[in-house]
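Start from the sequences and build out the full structure, keeping to the hints where you can.
If you read the sequence shown in the numbering used here, its first letter stands for residue 4, the second for the next number, and so on.
You may find that some hints are simply not true.
[To be verified] Derived Cβ-Cβ restraints for the label pairs, each shown as a range:
1) Asp152 - Arg78: 46 to 52 Å
2) Arg178 - Pro137: 22 to 28 Å
3) Leu104 - Arg184: 44 to 50 Å
Because the hints were derived from the structure by calculation, they are not lab data. The beta-carbon is built from N, C-alpha and C at its ideal position, and this holds for glycine as well.
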Amino acid sequence: MGAQYDALRGLLLLPTGLLFVVAGVTDFPPVGDEAVSGRAGWFVAALGVALVGYAGFHRHYVTTFGRVERSRAARVRSGVAGLLIVALVCAGISLDSQVDLPVSAFGIAFAGAWLVHYQAVIGLRAYHWLTLGPLGVLSAVPVWGDVDDRVTLAMIPIGLATIALGLFDHRELVRSVRTARAAAGLSHPHG
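The structure is reproduced here in C-alpha cells:
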C-alpha cells in the first residue's frame, strides 16, 4: 500500500494542473525568446494559490491517512519514473520550441511519460487510459503546425488532464484505504 499511497495522493496534482492551465491561458512563463506577458501577475497569483494548495492537501493526507514509509525498491522505482517524466517532458518542450512539428511533442511526451510512470509505480488503471489517452490523441492530431506557441497552448489540456488524474487518483486512494481498513475490521475515512 505504501507505493500506492504515495502515488495516489491525487489532490496534490490539483495545484499542478491549475498552474498548467493558468500558464497556458496567460502565456507565462515565457518559453524560448518570448517576451514576458502582461498577464504574468495572474500566474504569480496562481502560484501562490498552488503553494497554499500543496501545503493544505499534504496536511489533509497526513491527518486523514497518516504517513507511509515506502520500501527502498518503491522509492527507487518512483524516483526513476519521476526522472523519466521530467526527461521526456523536457524533450517534448524542446522539440516543440525548436522544430515546426504538426503535432504537440510536449502533449505526447506528457501523456506517454505519465502512463509509463503509473505502470511502473502502481500499475495502470482504466482512468489513466481514459484521461491520458485522449490527451495523447489530441496531441498527435496533426493540427499543431500552424500554432505559433504549441508549448503554451498544450499546457491547457495538460493541466485539465492533470486535474482529472488528481481527482481520480484521490478517489482510488480513498477506495483502497476503505477496502484495506474494512478487511482489517477498522474504521475508514470519509464514511
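Enumerate the violated hints, using their earlier numbering and listing them in ascending order.
Of the numbered hints, just 1 does not hold.
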